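Take each chain as given, in its own frame, and dock them per the hints.
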Amino acid sequence: MAGTMNINAPRVHDLGGQAGYGAVQREPTDEVFPERWQASVFAMAGLGMVTAAWNNTDRFRHAIERIDPVAYLTHGYYGRWLGGIETLLIEAGVIDQRVLDDRSRDLGGIQAGSVAARPKLRADPMAAVSGVASKRTAEKPPKFNLQQPVVAIAGNGLGHTRLPGYVWGKKGVITAVHGYWVFPDTNAHGLGECPQVLYTVCFNSEDLFPDGEEQTLVSLDLFEPYLLGVSNA
Amino acid sequence: MREPSPQSIRAEALEALLIEKGFLKAEDVDQVILRYGERVGPLNGAQVVARAWVDDQFREDLLNDGSAAIASYQFEGGQVEKLVVVENTATVHNVVVCTLCSCYPWALLGLPPKWYKDPEYRSRVVKEPRKVISEMGFDLAAGTSVKVWDSSAEIRYLVLPQPPENLQSYSEDDLVALVSRDGMIGVAER
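Which chain is which? The protein sequence lines are A and B, in order. Heads up, the first sequence is in my numbering, so the first residue is 1 and it goes up one at a time. Heads up, the second sequence is in my numbering, so the first residue is 1 and it goes up one at a time.
Incorrect hints may appear among the rest.
Claimed, not checked - Some but not every residue of chain A turned toward chain B, in silico, with C-beta under 8 Å: (1) V32; (2) L198; (3) L222.
Stated by the list, open to error - From chain A, some residues computed to sit far from chain B (all C-beta separations above 10 Å): (4) A154; (5) L158; (6) W168; (7) P225.
It is worth saying that the hints were derived from the structure and are not from the lab. Values in this document were obtained by computation on a predicted structure and should not be read as measured data. Glycine included, every Cβ here is placed at the ideal spot set by N, Cα and C.
If we strip away everything but chain B, and leave its shape as in the complex, we get (with noise of 0.2 Å):
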């Protein structure tokens, strides 16, 4: 059992003082665990991409206006009040940031993973993010250009990966188990 870290410890009392207090209850915090651990996920995100990889009508609504294509899905988890799809090609890679806190569209992705909202990726990767997403395992194309999304205010991205190349011998439900976060992220390739 590794030593509580002093965090821990302030939030626990901070916790008990506001359950005291009756603005929160003890199971409102299994409901957080149960919602971002099970409902909300990279899932949502790999569907839209499957879709859009076998739809092309639906690629090139969700293009358009991301918000108004993933609407019917009625996915829950917020912080996706307006979304741009960004998609990679042969030659365009994209890839996206919170350099100023960790903004990230969590109805199609969860939450965020740690190395997100560290400082490394988002002092970094504005920067240099051929370096970066090669350091974390996928290396882009030479000639290939990137665009880096910096999501400053409320518009969410997410990356439509580039499919895979012999899309028609793969069903729907085997394509959305191809997409990855990170993919989807822009730091993996899908």
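So that you can see chain A by itself, here it is in the shape it has in the complex (with noise of 0.2 Å):
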């Protein structure tokens, strides 16, 4: 796990209080799937186990977080999940990249490749394969209390992570324990389950946002190695 020293920037789809954006676009319809090529995608991330191109969600998600930013902010969502199953399904040999790239121009895609296979953040085997469900049993009592304070630890943006940016080095208080679940951290990764208690964690917004709005709590469902624990003086 990383240490405070060890600050870098997060990641572009660490987006929480990230400034600049404009307005909410809604969309004039509500069709779950616009184009079918998006039902094609979501039927495709389906095929992880099939394939053994990735065995986990958080694998999943951390293969989309690898894509080239710039294809993360403009691909739109289905976008981003094709980069990230492209990646898994060359990385595992499943697909090579020279014949997905054939293929795209024969069916008049200029650009083949625009989303495709980003490098690696760090080694990366696969795992023993684990199930879709994450929760697991308790290992021993949970670290912090309810209405316990605690800080959130500095990530690093290297590897996958569900501690997001915003965060980093605030103060906050324990609203819930939701017993052992599955740690991201290590699962994206390769590097096994490792299960860690989840908590809910309530920050008031002011601590985390100084331009932020008044009266507004921010809670987060955050694992144990994220947390600090802090005096009440």
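Encoded structure:
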């Protein structure tokens, strides 16, 4: 786990609190898949086990986070999924990058490979398959109790994590203890499930965002290794 | 006819290769469209909300343990390993987001709308929820506290909106029709 000295910027997908984005754009229709290819991508996202290219959701999410950051913001949700699926299928050797590029060109595509495989950020073995469900049985009592104040550690923007950048170094309070769950930070990288206690931690918005709105609480679900105890003083 | 996007062409190419290798059938895509276009959608969540409005015991159970309370519905659609239901009151309004990706209670609300997955909503709603909700068409009463729930792990959140004032004058079916997807995300009144 990263220490607090190893601070780096959050990555592009870690959007909470980032400045500069405009109004929410609603779609004219509520159609779930306005274009067929989006449903196709959804169907392909279910092929991790069949193709043996990925074996858990954490690994899939991390693959999406590894696509080109410009593509992440501009290719849309199913475009991002497509990039992640491509990355995993190519890395696993299920699909050959050149064959896919050629097929895209045959179908009239230009700019083949615009969201294709990105280099791995760190060693990434494929661990034993873990199931779809993520809840695990208790191993030992939780380190923190209800109403206990905690501080979130700082992440480093490397590898997969579910610790958003906007709470790095911020103080909050434990408001729920949810038992043991698969730890995405290891599971995404084939380093095992390493179950950890999951907590809901409630932050005062003013502590997170000096220019945020008043009378606002922000709650996140955070794993025990993300948290440090603090005194009430 | 619009020009096909680069993503659509690339998806088509990848789909064709996976079909040739025997990992996928074209019908699988039709099944996805049927499942999330017809069977799994916000109507599921609306049934749960309407029942909570008229059945106090169910409402209490739902707020205590959302997963257990909805187990008997046997909703398909996935993505809800543990459900936490958060209740709007006269003084507290709840709103749900996933800032890291787009986690969403599929089994109750279907697949998320595009705006829920876009950077604008994900970046802004944690910091300025009143402003975002207002821009989306719902002005919160002055003095209302806001609770934002960032679904950063596998727990999924559903907002229980406030019931209409003259609750007794509605049938449960009428109430179901009053509940919107946006109300259960927390960007509309109900």
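Exercise for the section: Tell me, in ascending order, the numbers of any earlier hints that this structure violates. Expected result: The structure conflicts with no hint, since it agrees with every one listed earlier.
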